[in-house]
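Novice: Spelled out, the chains give:
2 protein chains.
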Amino acid sequence: MKLATYKDGSRDGQLVVVSRDLSTAHYATGIATRLQQVLDDWNFLSPQLQDLYETLNSGKARHAFPFDPALCMAPLPRAYQWADGSAYINHVELVRKARNSEVPATFYTDPLMYQGGSDDFIGANDDVICPSEAFGIDFEAEIAVVTGDVAMGSTPDQALDGIRLVMLANDVSLRNLIPDELAKGFGFFQSKPATAFSPVAVTLDELGDAWDKGRLHLTLQSMWNGRTVGMCEAGPDMTFHFGQLIAHICKTRNVRAGSIVGSGTVSNRAIEKNGKQEWAKGYSCIAEKRAIETILDGKPSTEFMKFGDTIRIEMKGKDGQSIFGAIDQEIVSRAG
Amino acid sequence: MKLATYKDGSRDGQLVVVSRDLSTAHYATGIATRLQQVLDDWNFLSPQLQDLYETLNSGKARHAFPFDPALCMAPLPRAYQWADGSAYINHVELVRKARNSEVPATFYTDPLMYQGGSDDFIGANDDVICPSEAFGIDFEAEIAVVTGDVAMGSTPDQALDGIRLVMLANDVSLRNLIPDELAKGFGFFQSKPATAFSPVAVTLDELGDAWDKGRLHLTLQSMWNGRTVGMCEAGPDMTFHFGQLIAHICKTRNVRAGSIVGSGTVSNRAIEKNGKQEWAKGYSCIAEKRAIETILDGKPSTEFMKFGDTIRIEMKGKDGQSIFGAIDQEIVSRAG
Chain P
1 MKLATYKDGS RDGQLVVVSR DLSTAHYATG IATRLQQVLD DWNFLSPQLQ
51 DLYETLNSGK ARHAFPFDPA LCMAPLPRAY QWADGSAYIN HVELVRKARN
101 SEVPATFYTD PLMYQGGSDD FIGANDDVIC PSEAFGIDFE AEIAVVTGDV
151 AMGSTPDQAL DGIRLVMLAN DVSLRNLIPD ELAKGFGFFQ SKPATAFSPV
201 AVTLDELGDA WDKGRLHLTL QSMWNGRTVG MCEAGPDMTF HFGQLIAHIC
251 KTRNVRAGSI VGSGTVSNRA IEKNGKQEWA KGYSCIAEKR AIETILDGKP
301 STEFMKFGDT IRIEMKGKDG QSIFGAIDQE IVSRAG
Chain X
1 MKLATYKDGS RDGQLVVVSR DLSTAHYATG IATRLQQVLD DWNFLSPQLQ
51 DLYETLNSGK ARHAFPFDPA LCMAPLPRAY QWADGSAYIN HVELVRKARN
101 SEVPATFYTD PLMYQGGSDD FIGANDDVIC PSEAFGIDFE AEIAVVTGDV
151 AMGSTPDQAL DGIRLVMLAN DVSLRNLIPD ELAKGFGFFQ SKPATAFSPV
201 AVTLDELGDA WDKGRLHLTL QSMWNGRTVG MCEAGPDMTF HFGQLIAHIC
251 KTRNVRAGSI VGSGTVSNRA IEKNGKQEWA KGYSCIAEKR AIETILDGKP
301 STEFMKFGDT IRIEMKGKDG QSIFGAIDQE IVSRAG
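Residue numbers (our numbering), protein chains in the order written: chain P, 1 to 336; chain X, 1 to 336.
Hints were generated in silico from the structure; no laboratory data involved.
Please read these numbers as outputs of a predicted model, since none were measured by experiment.
Do not take every clue at face value.
Said to hold, decoys possible - Below, in silico cross-link-like pairs of lysine to any residue (SDA-like), each with a Cα-Cα straight-line distance of 20 angstroms or less: (1) X:184 with P:103; (2) P:7 with P:27; (3) P:251 with X:333; (4) X:184 with P:180; (5) P:97 with X:333; (6) P:316 with P:180; (7) X:184 with P:51.
Unchecked claim - Reference excerpt, derived from the structure (chain P facing chain X, CB under 7 angstroms, subset only): (8) 118; (9) 187; (10) 253; (11) 256.
Said to hold, decoys possible - What follows is a list of derived Cβ distance ranges for each label pair: (12) P:269 with X:180: 47 to 55 angstroms; (13) X:158 with P:332: 16 to 24 angstroms; (14) P:333 with X:127: 48 to 56 angstroms.
Glycine included, each C-beta is placed from N, C-alpha and C at the ideal position.
Taking the hints into account, I'd like the entire structure generated from these sequences.
Specialist: Encoded structure:
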C-alpha cells in the first residue's frame, strides 16, 4: 500500500491512503490519524489500511478525492530517528579520489553512517529554505526506509524483517560548511538542513521483485532545473544493503518504530569505454559531479545550487509509473 | 513545576506532575497524557499543569500518590531531537592534552555538538544494557534542556526564550569504540548507546537565581559504586550557555518543540596549589579522570565501568533538596 501525510496545520498532519497510480487518496481517519501511530502498532493497524487501499484501488472508496502531492508533508513529518548511511562506496571513492585521499579498507566492511536531525522534515513540494547561497547548496537523491522495532544485536537478516516502508529522500547538504564541520570531529550538524521526503511511502510488496534483500533495483531520476542529470541504478552498486545499515545501528542500542534509515547518495561506478572512464548514469548529487570533474580536469566546473533552482527526484517502476511521487523543490532564500 | 513520565507499558508513558519535594505525584490525565503533547501546545497546557502542581504542593490534590522514581521513564521517553554539546571546553582541553593534541582556536567561539539518537531513551533507574565491557563503558553527567519551537536564524538570546524544561542526563559513552568511529569522520554512532534522564524535568522558575542566562550555577554530584567522584560546578566553566548551543543548531534549520539539548560532560578547571594543578571537584566522566592521570602520570590507572557497577547522578538546590531526583543505574550485560 501507499501512505502519505496531508497538511492540516498540525505538526503531524493527517494520514491518507493513496491509490497505486497516485491518482486518488482517502483519509485513514477511522483507522489512524498519524503515520507514527501505525508504525507503533503495525500488526493491528496496517491490515486495516491495506483493506482501505484495496477498496480505493478498485474505485469503490466512498470518500476518495484526487491526490495532490503539493499538500503532502513528509510521510513522517517528524521522526524519532533519521540515520543516514553512505552505502554506495563508489560515491565515497569519487569524492576521496578528487581530493587525493584513499578510502580506508574498513569502509568496505563497516558502514559509514551519520545521525541526522529529525524534528523538522519538509514535504516533497516544500521549498528548501537556506540562509545563504555561499553555503554551497546541494541535493542528495537517496532511498530511505522506515522501520518497526529492531532489537539491539539484530543481524542484518533480522533487521530486514523490521523494514515497514520505503520512500525517497532529498538529504540537502551545505557543502561549503562540511569541511570545517567534519574537521571538528563530531560529524555533520549545520551542514545538514531539513531533509525532504517523497509524497508517499510504500510497503515492500509495491516494489515486487525490484526489492531484493534490502536493495531496490530501480532507476533513481534526478532533474536539476528541468534537465535530467541522474539516471542512477539504485541496486547494483549499493555496497551495504538496508539490513546491514540497520544492524549497524543495532550493535549497541535498540532501533524503535518509526526510525528512518537512508542509503546515502545513490551512485554508480564508471564504465570503461575506449580506455576512458565514463559516468553515463549521471549523478545524484552535485558534489559527485564536481568530484568527477576534478578527477578528469583537475578542478570542478559545475557550481552548486542557486536561489530559484529546482530539483526533482523520482523513481519509476518497471511499468513506467511513478512509485513514490516526485520530490520537486525550489531553493529559496530565508530572507524571502 | 516538576514533570515526570510514568511507565504504563506504552511507548510514551503517562505524564505525572510531581511535588516540589519529590514526595508525591498526580496523573495529569485531565490535561495531557504525554509530555510531548504539552511541549507541542505549551502556552495552553502548561498553565493548567502549573495549577495542578500548586494544588499538589499544598497537599490538596485529591488523587495524589507517593512518587517513585523507579517507575519513571525518561521525561520524554523518545524525542524528535537529541543534540548534545561539549560546552565545557575544559573537558576537551584535558582529553586533548592527554593525547598531546592542541584545542583548535575555533573551539572557543564555535560550539562542538553532535546529533544523538533519540528513539529509545531510558529511565533514571533503568539498567544500562551493553553487549560488552570491552567497549569501555563510561558515564557522562550532564545538564540538558527541552525546547519549544525556535526558528532558524534565532540569536542566542532568542534561543534562551525557547527553553521550557531542564533535567539531568547520563549520556553513556562506549569509549573504546570512539577512536575508530571518529576516525571515519561522520561523528558518534555505535559509541553512544541509549541516554538516561533524571526522573523529573523542571521549569526554570524551580531553579531560582541558580539559573542565570542559560547556565545553571549548582553542583552536579556523581557517585560511582557508592563513592562520590564528582562535585562539579555546572555554572562557571560552561564555555557556551544553552542559548548559544540552541542558536548553533538554528543556523541552518528550525528547532522544533520537544528537542533536547545537552551541555556535554560538566567539567571544572584545575586549581593551582603549591605550584601543582589540583582537580578538587572530581569528574563527571571516567574519560576525564583518565586524561588527568595521563597528564600527571603518563598513563591512565582508572578503568572503565564493569557489569554490576552503579552510577548515581544528582543535583541539589541551595536548600539541600534534590531538584531532579537521582539518575541511579546499574551496568548490565545484554547477555543477562
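Novice: Work down the list of hints and note, for each, if the structure agrees.
Specialist: Here is how each hint holds up against the structure:
no.	hint	result
1	X:184 with P:103	10 angstroms, holds
2	P:7 with P:27	12 angstroms, holds
3	P:251 with X:333	13 angstroms, holds
4	X:184 with P:180	15 angstroms, holds
5	P:97 with X:333	42 angstroms, violated
6	P:316 with P:180	37 angstroms, violated
7	X:184 with P:51	46 angstroms, violated
8	118	6 angstroms, holds
9	187	2 angstroms, holds
10	253	5 angstroms, holds
11	256	4 angstroms, holds
12	P:269 with X:180: 47 to 55 angstroms	27 angstroms, violated
13	X:158 with P:332: 16 to 24 angstroms	22 angstroms, holds
14	P:333 with X:127: 48 to 56 angstroms	49 angstroms, holds
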